[in-house]
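Given only the sequences and the hints, what does the whole structure look like? Please build it.
When we follow this note's numbering, the leftmost residue of the sequence shown carries the number 1, and every step to the right adds one.
Simulated restraints on C-beta separations:
no. : residue 1 : residue 2 : range
1   : Asp26     : His67     : 28 to 38 Å
2   : Arg75     : Tyr8      : 12 to 22 Å
3   : Asp69     : Val93     : 31 to 41 Å
4   : Lys49     : Glu13     : 12 to 22 Å
5   : Gln22     : Gln68     : 25 to 35 Å
6   : Asp76     : Tyr8      : 15 to 25 Å
7   : Asn70     : Lys27     : 28 to 38 Å
8   : Glu88     : Gln4      : 19 to 29 Å
9   : Gly32     : Gln12     : 17 to 27 Å
10  : Asp26     : Asp69     : 32 to 42 Å
11  : Asp69     : Thr89     : 29 to 39 Å
12  : Pro28     : Thr89     : 17 to 27 Å
13  : Thr74     : Asp1      : 29 to 39 Å
14  : Phe53     : Glu13     : 16 to 26 Å
Here are the simulated lysine to aspartate or glutamate pairs, DMTMM-like style, with alpha carbons at most 25 Å apart:
no. : residue 1 : residue 2
15  : Lys17     : Asp43
16  : Lys37     : Asp71
17  : Lys49     : Glu88
18  : Lys97     : Asp43
19  : Lys49     : Asp66
20  : Lys49     : Asp71
21  : Lys17     : Glu83
22  : Lys49     : Asp1
23  : Lys49     : Glu13
24  : Lys37     : Glu13
Just so you know, these hints were derived from the structure itself, not from any lab. Ideal Cβ placement from N, Cα and C applies to all residues, glycine included.
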Amino acid sequence: DFYQIHSYECGQEHPIKRSAQQYGLDKPLMVGEFSTKRSCVSDSAEVYKHYYFSGYNGCMAWQYNDHQDNDRDTRDVINHGIESIRHETSNGVIAIKI
1 DFYQIHSYEC GQEHPIKRSA QQYGLDKPLM VGEFSTKRSC VSDSAEVYKH YYFSGYNGCM
61 AWQYNDHQDN DRDTRDVINH GIESIRHETS NGVIAIKI
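Here you go:
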């Protein structure tokens with residue numbers, strides 16, 4: 001069991017402004033849907049690093065089919081974020097193949 005949040009609009013409750021612990025939950029918390037374009041931060045590497053180092057138990061970009069519009073990140077933007085945490089191991093080892 002775990003909790004999942006979707007994150008789009010930038011506001012006080014936006015997960016980029018909070019650690020997972022600040023939610024006070026009793027199960028792991030994952031950001032199950034987000035887009036850097038709709039985040040408070042425009043650099044996907046910064047977003048992925050925040051979720052990795054702030055106690056979240058994972059994050060998934062909204063889509064990976066390279067559909068381009070004002071809301072969705074391109075594949076290159078998503079890859080940039082993933083690449084930024086690719087070699088991190090402090091939260092356990094994960095294998096990411098791009």
